[in-house]
Amino acid sequence: MIPLQAQLPDGGWTYVVSIVAVSLYVSLTAVGLSTLFSLPVALGIGFTDFRGKRLVTAVVNTGMGFPSVVVGLLVLILLSNSGPLGSLDLAFTPRAMILSQFVLATPVLLSVSLSAVEGVDQSVRDAAYAMGGTRVDVGLAVIKEARFGIITAILAGFGRAISEVGSILIVGGNIVYSDGQSYTRTLTTAITVEARQGRYEVGLVLGVILLALVLAVNGLGSWLRNQDRGERSV
Amino acid sequence: MPMQRRRFLASLGAVSVVGLAGCAGEGDPSGSTATQSGGGADGQSGGAQTDSGQIGDGELVLATTTSTYDTGLLGALHPVFEESYGVTMKTIPKGTGASLRTARDGDADVILVHARNAEDKFMQDGFGVNRRDVMFNDFVIVGPDGDPAGINGMDSATDAFTTIAERESTFVSRGDDSGTNKKELLVWDEAGTDPSGEWYRAVGKGMGDTLVQASQTGAYTLADRGTYLSMQNEIELAIHVQGPLQGGPVILKNPYGVMAVNPAKYDDVNYEAAMAYIGFLTSPTGQSMIADYTANGSQLFFPNAIAEEPNFGQYVPQGYTAQQASSLSPRDREYLYWVDKQVPAEY
Chain V
1 MIPLQAQLPD GGWTYVVSIV AVSLYVSLTA VGLSTLFSLP VALGIGFTDF RGKRLVTAVV
61 NTGMGFPSVV VGLLVLILLS NSGPLGSLDL AFTPRAMILS QFVLATPVLL SVSLSAVEGV
121 DQSVRDAAYA MGGTRVDVGL AVIKEARFGI ITAILAGFGR AISEVGSILI VGGNIVYSDG
181 QSYTRTLTTA ITVEARQGRY EVGLVLGVIL LALVLAVNGL GSWLRNQDRG ERSV
Chain P
1 MPMQRRRFLA SLGAVSVVGL AGCAGEGDPS GSTATQSGGG ADGQSGGAQT DSGQIGDGEL
61 VLATTTSTYD TGLLGALHPV FEESYGVTMK TIPKGTGASL RTARDGDADV ILVHARNAED
121 KFMQDGFGVN RRDVMFNDFV IVGPDGDPAG INGMDSATDA FTTIAEREST FVSRGDDSGT
181 NKKELLVWDE AGTDPSGEWY RAVGKGMGDT LVQASQTGAY TLADRGTYLS MQNEIELAIH
241 VQGPLQGGPV ILKNPYGVMA VNPAKYDDVN YEAAMAYIGF LTSPTGQSMI ADYTANGSQL
301 FFPNAIAEEP NFGQYVPQGY TAQQASSLSP RDREYLYWVD KQVPAEY
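Residue numbers (the numbering used here), protein chains in the order written: chain V, 1 to 234; chain P, 1 to 347.
Just to be clear, a hint being listed does not mean it is correct.
To be verified - Residues of chain V clear of chain P, computed beta-carbon distances all greater than 12 Å: (1) T57; (2) Y177; (3) R199; (4) N218; (5) N226.
What the hints assert, rightly or not - Reference excerpt, derived from the structure (chain V facing chain P, CB under 8 Å, subset only): (6) G173; (7) R196; (8) Q227.
Unchecked claim - The following label-pair restraints were derived from C-beta to C-beta distances: (9) V:E201 with P:G153: 49 to 59 Å; (10) V:I77 with P:E309: 53 to 63 Å; (11) V:G65 with P:Y337: 33 to 43 Å; (12) P:G197 with V:S163: 51 to 61 Å; (13) P:G146 with V:S222: 49 to 59 Å; (14) V:A58 with P:N152: 35 to 45 Å; (15) V:L88 with P:P310: 52 to 62 Å; (16) P:R167 with V:P67: 53 to 63 Å; (17) V:Y200 with P:N152: 25 to 35 Å; (18) V:P67 with P:A238: 36 to 46 Å; (19) V:G65 with P:N311: 48 to 58 Å; (20) P:E234 with V:G63: 56 to 66 Å; (21) P:Q213 with V:V214: 41 to 51 Å.
These are computed hints drawn from the structure, not numbers from a lab.
Remember, predicted model here, so these are calculated numbers, not experimental data.
We put the CB at the ideal spot given by N, CA and C, even for glycine.
Chain P with its partners taken away, still in its complex shape:
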């Protein structure tokens, strides 16, 4: 795509975290939607956009979990981002596992997901860069009002799961390698129970689907609080075990992270726009929009990108330390690494 559009970057400073308010004045709000006339038009011909503000090719492919999409949060955030940066968002809602795979194949520019262990693997394999914490909520164990397994009010998620397994009450699992599914399997693992039998049904669907199915069949399931709250009107399920937001066990925490796809792996990813998106989500504007987003009168997500205290853990895989066994200090090794990498041999 046209190279001259890169010049806009220089003035924008794509990584800018705080410049949003200023950018809102600079960016051309109409630029973001110029190509979208007529749904039948093949959007490939993206060249018709205005010149005033494009980052990369002006399109940003976000692979994200169904929970951010189905709750409507992204629907609230994206128009503001698009207007400010002149970027057209293409959002592909999938489970976290599928989003990571899409990004791994170089088919997405940025991902917003919620499975820290899988995110760490993604970073460690070199596919993800510049990870930031964005927001969190928690998971809740929901089930029919009658509570056939009798888990209501338990303060241990593992005990509740064990009880469901012992009573063989129907449990619907996402079974789709999503962040929620990964969390559910972690809880089973912690409980020391291997769920099997006809009462345990892996449905391979998104969170909304799974809640609907659990509601229709009178089953228990693990749900992120955001999707559960946003769908309360459509389903008949009650929270039986609370997450940590309301005093429940910390194992049910649900933190979301955003990261860019490493442009060294795929040189055609829109890295600049990815960084602008990360900057937007973690900016005071983006964070307050997340905090202000409600469904059915409840706040769904709690922003946590901005803190006075340093939070280095968000940038690197968990448990990562620079102190790997060596006589050199980390700084020295880092320096030698850069010498090795950047200085030509014949220098």
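Just chain V, with the same shape it has in the complex:
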């Protein structure tokens, strides 16, 4: 680790800590917003029958494979100073990165939570209605019943977001301040810089940190699920 310190860009570990912070901030915010958006939508789609429902589901599923660089390019065009939302001054900011990761994570979250919600037995809803529940109560009852699948959905969305590099490189600009604090540089985009400069060792360390993060979050997910199982069996 000592020789690594010398190889790190200015700022040393401050640099690493700040890019981890930016990575988590951007991806967690994007996934959080996406969850708030996706769950009601999944409930809405899951419990109503309407014309074109299969088409909507197909579009959502296709969205899971949407190339991140295309999303990045579209978001950049949208937010660029010469683009339609240029006045918001969002190009090359963390908010632009959150937007593009939101777009990328939402189909994943939506698709997985949709199948979770659809898998909830009709009787659960009937019971909730019978007990005089409002639509919100019924929705919450379904979410509670489908929590395994929903946790999986959130984890999948987070996995998509944190490991993504194409769009955030384009919309974020990979900016780090000269004191080594990251502004829009994440673990993934930092690895592209290290690879470009031939500093594979530093890139590898960043990759290990990234893996550890994903592992930790997934571990938290399965811990939650296990907690749940324990509760149930009691």
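Got chain V sorted already, so can you dock chain P onto it with the hints?
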């Protein structure tokens, strides 16, 4: 952003080229980094900076080529600039083509690039103003030690390229519309060769990436000397054709220019800070820092902003002359232009 911060400008004189030493005393060094606590914080909330020294909104977005960034030069220059002017730099390293596009879209305030023809187009289209020469080095043709094409020691870049094409030795091209890529295509063009075939690989990556890839696959490539020197430890490539810095052909020259984005095109660019940055780079302080910057024991860039002789060519597109066909002298036309533009019709 807060208008009252503009008042600092009056005292600073953003365009000042030589005032740096004085400014270093005036500017609040801590002001530049005040907002950067905690990497997770959204830097949008830039209002927490100290009042003592801000130009515009206190942030300057620089779109620049990967060679200035990956060599570490900007890492050496920017802290000094930031401390002196209380400006926080946001540097976006891309190729020259991408930097020009970013600036064209109004998403950067200032650009530091190295492709004079593209810079000229940028100025001619009205997007760039106040161009200055900053520094130069040169390009070199590098390849595996064994030199399979046998170009070592050639004094013509075009001959070397033609030989590589004839032998079909693997050649890695940036292929990313960067300044280096533009130069490479110019050399192919001059050589009268249209590179095609499996030996010619456009990789679409930055200079560092491309050198790494050339090194791993035993290929030739065109590299700027700065990035090549700074990466010598990571790659196994030798210089086979020198640039003009060491007696090579002048076609391999590599001059860097800086210019501000025209505030008339985008009124929210930080023009004042852009001019302060141009002033800093071309000041005696900035120039000597560039000259003193070394990697692996070699100087990477040679400053050329300061000269006793006039160098008007740096301000205007190449080949530009004021003498466009007209019976009026350029001065007269200039005067009438200003009358037309500035004096109200009912005056």
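**Study point:** Hint numbers contradicted by this structure
**Key:** 2, 3, 8, 9, 10, 11, 12, 14, 15, 16, 20, 21
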